[in-house]
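Combine both chains into one complex, guided by the hints.
Here is what each chain is made of, one letter per residue.
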Amino acid sequence: DQQVKQNSPSLSVQEGRISILNCDYTNSMFDYFLWYKKYPAEGPTFLISISSIKDKNEDGRFTVFLNKSAKHLSLHIVPSQPGDSAVYFCAATEDYTGNQFYFGTGTSLTVIP
Amino acid sequence: DSGVTQTPKHLITATGQRVTLRCSPRSGDLSVYWYQQSLDQGLQFLIQYYNGEERAKGNILERFSAQQFPDLHSELNLSSLELGDSALYFCASSAALGGASTDTQYFGPGTRLTVL
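Protein chains in written order, with the numbering used here: chain W, 1 to 113; chain P, 114 to 229.
Calculated from the structure, these hints are not laboratory results.
If you're wondering where the values come from, they're calculated on a predicted model, not measured in any experiment.
Below, in silico cross-link-like pairs of lysine-lysine (BS3-like), each with a Cα-Cα straight-line distance of 27 Å or less:
#: 1; chain 1: W; residue 1: LYS68; chain 2: W; residue 2: LYS54
#: 2; chain 1: W; residue 1: LYS56; chain 2: W; residue 2: LYS68
#: 3; chain 1: W; residue 1: LYS71; chain 2: P; residue 2: LYS170
#: 4; chain 1: W; residue 1: LYS71; chain 2: W; residue 2: LYS5
#: 5; chain 1: P; residue 1: LYS122; chain 2: P; residue 2: LYS170
#: 6; chain 1: W; residue 1: LYS5; chain 2: P; residue 2: LYS170
Isolated chain P, as found in the complex (with noise of 0.2 Å):
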């Protein structure tokens, strides 16, 4: 168990429609990224908060967005959906800004979604 928690496990939902996901990041941990597994690709990193403060984006459609609330919880919002969205979204979290030799990322389990 990495300490990261993301809800839902699941969600399917149809095109058009808007969902969030949440994550909720290890205890003491004031960084959470958020990235996007499509078939057959590997993880591409979307966005990072830190301490509420947007730190790096990545490959982000227009259509989603994220945020990082005062608890350090964070959530991400996929809207307009297109059957192209559907992928696991994984949110990981570290202890500081990102420098890799020192900073972990710890992932959550992931949060599966579905556009019908």
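If we strip away everything but chain W, and leave its shape as in the complex, we get (with noise of 0.2 Å):
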């Protein structure tokens, strides 16, 4: 059973442009959040977070926006870049020193330059 949901496969975007990915998520329990980033033959690395006490995260060009009520967050990107051509993961905890992550399956960004 899926509790991280990420419902579009695949998104491509023109350089300069905002990328929207989405996440939605089914347990409750979940108190923070997480986005990840891959790329071909490498292992995710960390990219933003934001905890079930904010409605909104910015670090740079990043923002995530969570959506508590829906069950939803946004991972927005503000101009895309042709590096940022990669699969993006998000991730949920239960509780705020959680161990174990729940993955949804990854979109995966084309950015068109």
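So, in structure tokens, the structure goes:
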């Protein structure tokens, strides 16, 4: 049972435009959320996170939005760059000191020059 | 480079066989996590070790086992392999027990296991 879902397997965006990657979750006990980025032949690398006490967290070109009532989070990348082309995974954990991360299936982002 | 190393990078074996995957965490990291990524699946958490002791267990099959050694490297043992065990196996490490807000997990490049 997939508790974290990324329903869009792929996304293509023009360079300079906004990329919006979406993630839905089913477990209302999740209270910490993360985005990881993965290039081919490499492991995932941490990108940005947000706790459930916030609804927005920003780090440079990357912003994560959390809508707890909808059990939905999104990652915005503005402006998108060709180097952002990668697979993006969202992950969630059940408590603030969680050991077990639940990952989505990933969205492959292609930024077209 | 995350500082987490995994060997081998690729492994091809037959059904019924047993294999061992190895992970060396980042220097100083005490926690090691194992994940499985099957085709079209997200990363599935298997197990976590902290300073040599098992700390958390996920969807790990009974045919699979892991351990963390005194030098903090970890091994994931997969036995009686089935076709469905073909997957990417990632190891991650973190400094402490796993407080997600301050304890990022750093992932290795993965071991691709193919069971024929």
